[in-house]
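Colleague: These are the residues of each chain, in order.
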Amino acid sequence: MIRVPCPHCGDRDETEFHYGGEAGVAYPADPSALDDAAWASYLFVRSNPRGWLRERWFHGAGCRRWFNLERHTVTDEIRSPSEMRPQ
Amino acid sequence: MKVSPRLPEHPDFLWADAEPRTSYDVVIVGGGGHGLATAYHLAKDHGITNVAVLEKGWLAGGNMARNTTIIRSNYLWDESAGIYEHSLKLWETLEEELGTSVLFSQRGVLNLAHNLADVREGKRRVNANQLNGLDAQWLTPEEIGKIVPILDVTDRPRHPVHGGTFQPRAGIAKHDHVAWGYARAAHALGVDIIQGCQVTGFETSGDTVVAVETTRGRIGAGRLALCAAGHSSVLADLLGVRLPTQSHPLQALVSELLEQVLDTVVMSNAVHVYVSQAHKGELVMGAGVDPQIGYGQRGSFHVIQDQMAAAVELFPVFARAHVLRTWAGIVDVTPDASPIIGRLDQWENAYVNCGWGTGGFKATPGVGSVYAATVADERAHPLAAPFALDRFTTGRLIDEHGAAAVAH
Amino acid sequence: MSRRLDTGGSRIDRSRPVTVTVDGLEIEAYAGDTLASAMLAADLPLVGRGIYSGRPRGLVGVGAEEPNAWVQVLSRGGEPMVQATLLDVYDGLAVELLAGRGRLVAEPDSTRHDTLFSHWEVVVVGGGASGRRAAAAASPEGRVLLLDDGPAVAPLDGVTTWARTTATGLYGHGRLVAVERRTDGDRLHHLQCGRVVLATGAQERGLVFEDDDRPGVMLAGAAASYVERYGVLPGERAVVWVAHDPGLRAAVALADAGVEVLAVLDVRDRIAEPYADALSARDIPVHLGAEVTGTSGDDRLSRVHTSAGDLDADLLAVSGGRNPAVQLWSHPGGRTRWSDEVAGFVPVTGPGDRVTVVGAAAGEPAHRSYLPPATWFRSSTGDPERIFLDPHRDATLHDLQRAHTAGLTSVEHVKRFTTIGTGADQGRGAGVLTVGVLAQQLGRPVGEVGTTTYRPPYLPLSFGLLAGRNRGELSDPVRLSQLHDRVAHAPMEDVGQWKRPWYFPGAEESLDEAVAREVRAVRTGVGMMDASTLGKILLQGRDVGVLLDRVYTNLFSTLNVGKVRYGVMCGPDGMVVDDGTTARLSETEWLMSTTTGNAAAVLDALEEWHQTEWPELDVTMTSVTDQWSVVAVAGPLSRDVVAALAPELDCSASAFGFMEWRSTTVAGIPARVMRISFSGELAFELNVPSWWGAALWDAVAQAGAPYGITPYGTETMHVLRAEKGFPIVGQDTDGTVTPHDLGMSWAVSRKKVDFIGKRSLARADAQRPDRRHLVGLVPVDGVSRIVEGSQLVAHGADLTAFPVPMAGHVTSAYPAGHDGRPFALALLDAGRDRLGEVLDAVDDLVPVPVRVTGPVSYDVEGTRRDG
Amino acid sequence: MTADVLALRRSPLHGTGFGLAAPGLTMAEEPFRSLVEVRSPAAPAGELVWRLGPDWWLVDGPPAPVVALEVPLAGELRAAGGVATDVSAHRTTLVLTGPHAATLIAHGCPIDLSIVPVGGCVQGTLAGAQVALGRTGPDSLRVYVRAAFARHLATWLSDAATPYVE
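Chains as they are written, first to last, in the UniProt record's numbering: chain A, 1 to 87; chain B, 1 to 408; chain C, 1 to 867; chain D, 1 to 166.
Some hints could be false.
Claimed, not checked - Covered, in the sense of this in silico footprint (three residues per stretch, anywhere, with C-beta under 8 Å from a C-beta of chain D), are these stretches of chain C:
#1 115-129
#2 475-488
#3 538-547
#4 667-675
#5 685-691
Hint data in this document are derived by calculation from the structure and do not stem from the laboratory. Where is the CB? At the ideal position from N, CA and C, for every residue including glycine.
Start from the sequences and build out the full structure, keeping to the hints where you can.
Modeller: What follows is the structure in structure tokens.
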């Protein structure tokens, strides 16, 4: 069980959330300027580290806000929900 | 008090651990079922015996030891059916091939449909399977009830059974027997099996991988074959290749030993129930994949609870069975739920086999054969070719989500 | 014969006798007994048999460490494989002894299993002395819970105490799962803990030797506990063999209870003075550096063979050491190491700062007077095939030796080879012993051989308990439209969690007959259906048009107030994910509809794009799916029905155009009426606040009665839309289909710089001319039925020459359209270039020749939508 | 006429017999409340105003005896400057009171309600249904559940309440 620290609602069970994968992967400013490989990288390639990962969560059953946090993918330790503007 | 029959004994000798030598023609990273089968086929089919299998922990202690051992080939797309059916055929002769018992039991696999959309998808898959020469059937609830009397096929359950697909040649095997059988056979052909040897880096020259750096020293590599399942992306990162895989916990559980009540495998993607009764009598069940990335080999308890609710709904008789032990494997999932097999991007002599998600066990013999051929011949085996990494760039995916949300 | 003492027994209530049946034999017991203590009191030496060997097995332990006494409960509905040491007796309890394998019974389980969540600053597991100390110390921290698996916990100030509660799993982030045994059905507790203190104590472990599985061989501490807790004498003449001081204490306790202790053997060469004195005072001979080498007897112990000679005894009490109970510590990833001082695995690296461990579980000795225990596991002699390491699995030293000679050195491999520790007791007794014996076999220190990771649950949990209240109709929420009562007589189709009317059969009418009638009504008269389940999202703000332009493939910002537009949504990969109509209610308000199954996913996706990529857009989104009940009135006569219902509304085609909406009242009910059509016919969708849903349905039925209005369900809706070639996302698409594949290039804007999915549609694979296109199919003979899910192959292809190349599949098929003839939709390779071609649609290897048509098979010109 | 049309309304739990009046627990549906979701940085005015999330509020007012496409409260709140959406028929209101009220919810909801003050609100899942839970007193809670889930939740609550019915 992961207790996810929602910055707006406090710690809640993971069942209230949707997982959003790696954070910080921005939608390209001009997708048409990317070649197929770069576009495929945006579509499909995300960090999959054994260790700390900055990732996105969505409190779908609660305040319905997206936010970022850092989680250790081996221990599930979570630190510092970071800035409010997630991406 | 009824006494139970013993399972077949393991052979008197399996394998002896090797000390790493300075170099090998092929270094396989990952001593699970796929790595061992690949080593075996390199030696057996291609005469390449100067091979090391590096395992960071204990042999076959990863997903090989943690899966629900379901074997089937009834996948939707031609490419998938091709490689899985190749594998199923190898399963059918594996005991003779390896000379050891693997307890492959062709008891059939049922995939249940719970609504009209499931029915449609199930029939689509059965028809594709039949035209690909596979033994697939569509069964009505009544027919299913005859095969699995303890399954409630009335309209009582919250999500009633509307029918299902059935593959009679599908079944289960005993994972330790399989892994150790490959290890024994590979060892007998001269393959070095090296446990407790973790890869920490790679030495490269131009577009060539020269050696692997390990916790037990540098090991020269003529060719490199990654077979590390959920850890593949971590290894590929060391070579500067970002794989489109994500590693998730997949939970499973067993019950106590029970007198036989279920002699086929029943899967229900819609409600995440995957159950068989193993050779000794325990119910073995797989659950859904946790959504988040996780390498901790631990899953979330609520997943197990949801799964039990669904299982008891379908099999009321299960209410009084007990969960003895739960655990999780780490499954590496690709965007199209199909594996990646082939050259590792720009590297001349490095290959990758990963992304099997929940389907890796059943593919073990097939992967061993086609991946070994790919590495030995330095070009993709025809059954492996569609699964090359570049499909994510071209967009020519092999999307098995529709027919197998969790592929098991 | 009874072994019950006249006095004593802290857990039993002698005023409440109960009768228990074991294998058909009635025995007397007391409330507070476990089945194990009752059987011991009744002098029943046999508690089970070896799973493979069939060897008789007796009671070994007093709690969760018991390997042999697993029974099939027959009473109260029955339960397989219940540990007799943890089974509280009740009057009428009936059990059957087992050989390591239980059975499931068909009788339905009616037990009400319960789940409860609770939240605590501190939870202490284990009500022994160290647990009570920890709980008392923690009490100022807030909500503190002390739980214990025993029958009672003495009250403690500032601490909540729960008895009969066993912690079965510790998970990440302070989640503890525990089971409370209740007479009216067990309760599964989810405890969310600020921190957890494990005071779980230690479990006694045995010693192994030849014929160590003979009934009458028992753990010494367990034997003493039967005296203390239940007033039962476990034997009359006993030999005690120990490797640590607590075993000596047990020997003294047994002697004081009246057992004739013939000898005490200790593997060590020295014991502490207080114990030497106590044993000497009771005239009990002590043999140091001694060991048991075997046992004799038939089905129960009669003679013990030792290095100090043979002794006639009916009890051999052994105690090899204490294993700190580190299972819960281990569940979330806590590590352990071997300690020679403790002669056990003790906790080291924690699973995080929320979890601490105290007392015996941390390896602390219970008494300061204790001398160090011996690291000792088995006698030095004996036939390996008769030295049982794990009697529950019938696994012997011989099996372990075979694993070793086969080349296995890891304890994980050895356990799998021998199956030690995989039984119902999960090796609580055998696990550490096996590590020790393996270390000896390998000639390596125990700490180097290592231990295994413990997996939850600590004790078996029934599937029914885990399912809890989620049984039957509660197993997954049922979602109902607010006019469900009006349509509840129809057979229902499950669509996600929704129940939707599938068709409305008349008396004796089949599905096909009912659908044919319903289709005819809509095509020639008027029909009505409940369309409430479609997802509805209200978008508000200045920039809604901008957002919609980005998420739909077509242009939306140009839509005028009062108008409705159809849109297709793709994922970033260019594949269709949803479709629906959006109405512009005002300059800043838009009402979007989604497919029934995708409502939540679409709202989630919109919020994701908005919050994570375009937060600068002035848009808010609110789900209003359940706010509105929607009745679709469709058919050439629908205008008459709506006109009768809504006198204030000018329904004429000129005043109220296709893809427009109006506010009005319908039968006095405030309504929003939309002229949209999923059937191709003139149609009106009446939207009212859902508390008027039933009233609206009644009013439409009443107003439509003169026109023969016919209720129709999802099946007819599908037929009607299929004739118009309207795809259903998720049926005619499967995540691999682009809008172009569907023939909807008209809905893909070329003007927009970008929309979600646009870049992917430019990839080579999306541009292939031979992609699968949506087409129509009709049987060549005009009558053969086409089956959904059929694969399409070349006409006349040899269906025995595998693989048969497949060119596509049938996504939707219906036995009869408006003309009474079968038709279908399909995805076909390069389908739009193959109109007129004949193929075979194959289901179950039976071909049906079909002709490829365009996807629209009815009113191709689109003239009927205006009536 | 207005009264006639109002009388045609059916709340989601109409006719289900839902309700309980036991010593430690009462449960009832309060039908036809005026419920409006408001998006604004500042709390809107109102008797019962729940904070659902950042800049997101639920205003719960008495039933409005008017026949209209939306309840008057929505218009009032819009006029006061918020972005307002009528959800009166989208959700229904269940009122639970008594010392067992919070415990009853804890049988199917992992949220720690004890840290929710009077006037505080949390959103989460209860028995598989998304709900907003507002505390109006030490022993009284309001449960706002989507209309389509209302019967499921009512059945579940009635089942879970069994131990608290003396």
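Colleague: Now look at each hint and say whether the structure bears it out.
Modeller: Now the hints, each set against the structure:
no.: 1; hint: 115-129; verdict: holds (count 5)
no.: 2; hint: 475-488; verdict: holds (count 8)
no.: 3; hint: 538-547; verdict: holds (count 3)
no.: 4; hint: 667-675; verdict: holds (count 5)
no.: 5; hint: 685-691; verdict: holds (count 3)
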